[in-house]
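S.K.: Heads up: the sequence lines are chains A and B, in that order.
Note that the numbering used here numbers the first sequence so that position 249 is 249, with each residue one more than the last.
Heads up, the numbering used here is the position in the second sequence plus 272, with the first residue counted as 1.
If you are wondering where the hints come from, they were derived from the structure by calculation, not from laboratory data.
All of these numbers come straight from a predicted model, not from anything done at the bench.
Positions of the beta carbon are idealized from the N, C-alpha and C atoms, including for glycine.
Possibly wrong hints are sitting among the right ones.
Just the calculated beta-carbon pair ranges, DEER-fashion [unchecked claim]:
#	chain 1	residue 1	chain 2	residue 2	range
1	B	E402	A	N217	29 to 39 angstroms
2	B	E428	A	N78	35 to 45 angstroms
3	B	N433	A	L80	49 to 59 angstroms
4	B	E311	A	T65	19 to 29 angstroms
5	A	T189	B	D356	39 to 49 angstroms
6	A	T223	B	P305	42 to 52 angstroms
7	B	P360	A	D124	52 to 62 angstroms
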Amino acid sequence: MNILRKTLPAAVLSLLLIPTLGCAHMRWLVPSNTVLSEPGAVTFDASISNNVFFPERAFPIDGVTVIDPEGNRVEVSNTLKGMRRSVFDIEAEKEGTYRVAIGASFYFIRYKNKNGERGGWRGDEAGLNAALKEAKDNADGDIQVTESHSRLETFVTVGQPSVETLKPLGRGLELKASTHPNDLYAGETAHFTFLLNGEPANGLTVSVIAGGTRYRNNTSARTFTTDKTGNVAIDWQQAGMYLLEVEAEGKSSTKGVKRRDSYIVTLEVLPE
Amino acid sequence: MRLLLIASVLIHSLLFASRAALAGELNIDIDIPQLNVAEYHRPYFALWVEDEKGQNSAHLQLWYDGETRWLHHMRRWWRRVGRDATLPIDGVTGATRGPGGYQLTFNSKNSELSKLAPGKYDLVIEVSREVGGRELIRMPFEWPINNARTETAAGEIELGNITLTLNP
Numbered sequence: 001m002n003i004l005r006k007t008l009p010a011a012v013l014s015l016l017l018i019p020t021l022g023c024a025h026m027r028w029l030v031p032s033n034t035v036l037s038e039p040g041a042v043t044f045d046a047s048i049s050n051n052v053f054f055p056e057r058a059f060p061i062d063g064v065t066v067i068d069p070e071g072n073r074v075e076v077s078n079t080l081k082g083m084r085r086s087v088f089d090i091e092a093e094k095e096g097t098y099r100v101a102i103g104a105s106f107y108f109i110r111y112k113n114k115n116g117e118r119g120g121w122r123g124d125e126a127g128l129n130a131a132l133k134e135a136k137d138n139a140d141g142d143i144q145v146t147e148s149h150s151r152l153e154t155f156v157t158v159g160q161p162s163v164e165t166l167k168p169l170g171r172g173l174e175l176k177a178s179t180h181p182n183d184l185y186a187g188e189t190a191h192f193t194f195l196l197n198g199e200p201a202n203g204l205t206v207s208v209i210a211g212g213t214r215y216r217n218n219t220s221a222r223t224f225t226t227d228k229t230g231n232v233a234i235d236w237q238q239a240g241m242y243l244l245e246v247e248a249e250g251k252s253s254t255k256g257v258k259r260r261d262s263y264i265v266t267l268e269v270l271p272e
Numbered sequence: 273m274r275l276l277l278i279a280s281v282l283i284h285s286l287l288f289a290s291r292a293a294l295a296g297e298l299n300i301d302i303d304i305p306q307l308n309v310a311e312y313h314r315p316y317f318a319l320w321v322e323d324e325k326g327q328n329s330a331h332l333q334l335w336y337d338g339e340t341r342w343l344h345h346m347r348r349w350w351r352r353v354g355r356d357a358t359l360p361i362d363g364v365t366g367a368t369r370g371p372g373g374y375q376l377t378f379n380s381k382n383s384e385l386s387k388l389a390p391g392k393y394d395l396v397i398e399v400s401r402e403v404g405g406r407e408l409i410r411m412p413f414e415w416p417i418n419n420a421r422t423e424t425a426a427g428e429i430e431l432g433n434i435t436l437t438l439n440p
């Protein structure tokens, strides 16, 4: 990536991105059921919206991965890309906890052209060099490049919660759940650790929003900060479906490129 | 060595004696009320004993219609008892019951109650009815039962009067 080294001074790159945490346009993946007392079907909606969990724009589900309690991949069915949401189903046939995730990785380029107009590009790694060349040809001044990795996740349990599928993957920003994500109850405290590339992520802001924001005056988001060991303790005050978001910003392995990791998980808190 | 053997025999017999001495009987009268609703389904009903930490200590009764699909609607039972259990269980599970009065008796010969260590417990009753409500009632007691005592409780909608009679 010599091209970047030449064209993008680090000082410029550090000014690049506005954190999106807590802002509008939340991405989410919400299950119809998180607890089943016998094997059965579960349906999922994925959308991008300002109101949790009311769909506005379909979130692409090309990167969906479903892992069964024994660690095997599960096929999704009935996929639909709707106007406002994407949909897919799974048959949860085994006892234990399923992990359902949509991973997405993109590069963003932003610049201003010689007429002062904003230019930009979003795409995958394969198209990056061509896009950078185009940006270089058109840009007047700084070119901002960001590598973005996001993971939307949720969990579904048939019978007794199991832990096989909770094992951290060791890449990107992710949850290491000391409290099982399908064993959350109002009035209890959950202990979660956030890992960035397998290492505890210190000082990250964790935002927790209860669903149903359409019926409130504001999101009433609660925020928690991870400690040195990447831990947060979340005291669930009310039962409901929650959206938890964490974001980390840092340097890409490509010199001069910023990296943003987002982890977004939908969690159901039950009344006991 | 010999002394150790004697001591261990002595401890064993003491333990055994104290275990065998734990006696008591729980007599539970429950009323499943008649409800004037358009669509009535008999409630799922669970009865169990929790220790002071809220852990299941004795699973005494479960009435359901054989369909496991809705069992988790008895939320507490599901978490504390049901999701660990393999159903049906002889002497515990049975068919759902309609409105009426029922008497249930459990004593120290019951294989679940006989496991109880001395201490404070809650008798927990949970019901959940399809297209209906869910209710949970707790009645504290101490095990073993040394003195006869009667406790009463009442549900709001899904359960009527409950009388717990404790007999030594």
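S.K.: Each of the hints needs a verdict: does it hold here or not?
M.R.: Verification of the supplied hints:
no. : hint                                : in the structure
1   : E402/B x N217/A: 29 to 39 angstroms : holds, 36 angstroms
2   : E428/B x N78/A: 35 to 45 angstroms  : holds, 41 angstroms
3   : N433/B x L80/A: 49 to 59 angstroms  : holds, 51 angstroms
4   : E311/B x T65/A: 19 to 29 angstroms  : violated, 41 angstroms
5   : T189/A x D356/B: 39 to 49 angstroms : violated, 22 angstroms
6   : T223/A x P305/B: 42 to 52 angstroms : holds, 46 angstroms
7   : P360/B x D124/A: 52 to 62 angstroms : holds, 53 angstroms
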